[in-house]
Amino acid sequence: MYEYSEECLEVFLKKQGQLFDEPVAESLEEAESFLEDCMAAVVDSLEEVREYFEESGMDVTGLSLGELEDMEEVFPLEGGRYLIVEG
Numbered sequence: 001m002y003e004y005s006e007e008c009l010e011v012f013l014k015k016q017g018q019l020f021d022e023p024v025a026e027s028l029e030e031a032e033s034f035l036e037d038c039m040a041a042v043v044d045s046l047e048e049v050r051e052y053f054e055e056s057g058m059d060v061t062g063l064s065l066g067e068l069e070d071m072e073e074v075f076p077l078e079g080g081r082y083l084i085v086e087g
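If you're matching positions, the sequence shown starts at 1 in our numbering and goes up one per residue.
By construction, these hints were calculated from the structure, which means they are not laboratory data.
Since this is a predicted model, take the numbers as computed values, not measurements.
One or more of the hints may lead you astray.
So the derived label-pair ranges between C-beta atoms look like this [stated by the list, open to error]:
hint	residue 1	residue 2	range
1	Glu29	Ser64	33 to 39 Å
2	Gly66	Glu3	27 to 33 Å
3	Glu7	Met39	15 to 21 Å
Quick reminder that beta carbons are idealized off the backbone N, C-alpha and C, glycines included.
Please model the complete structure; the sequences and the hints are all you need to start from.
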C-alpha cells in the first residue's frame, strides 16, 4: 500500500473540485483513505505522467507536457512531482 505525504493529501483536499463535482474527502484521513481506495499514483515528472496514462491505455501521444499538466486527474506537487487520481 502506498503512503501519501501530508503535502499530497493537502493538495488533494484543496483541489479535489477540479476532478469531482462534490467533495469526496473533508479531512486528511478521508483524503488518504480515498487515494488508497482509488490507487492514486505519485510520479516524479510530466514524462512519468505520460507513461502512467499510456500504460493505463489512454492515448496521450499528441498532448504537450503543458496539456498533460492541465488534465483534471493531474495534481501538481512541489519539486516537480505529480499526484494522479483517476475518478
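- prompt: That 27 to 33 Å hint for Gly66 and Glu3 (C-beta), does it hold up?
  reply: holds (30 Å)
| Should the hint that Glu7 and Met39 are 15 to 21 Å apart at their CB atoms be regarded as holding? | holds (19 Å)
Discussion item. Range first: 33 to 39 Å. Now tell me if the beta carbons of Glu29 and Ser64 are that far apart.
Written reply: holds (36 Å)
Checked against the numbered hints above, the structure breaks none of them.
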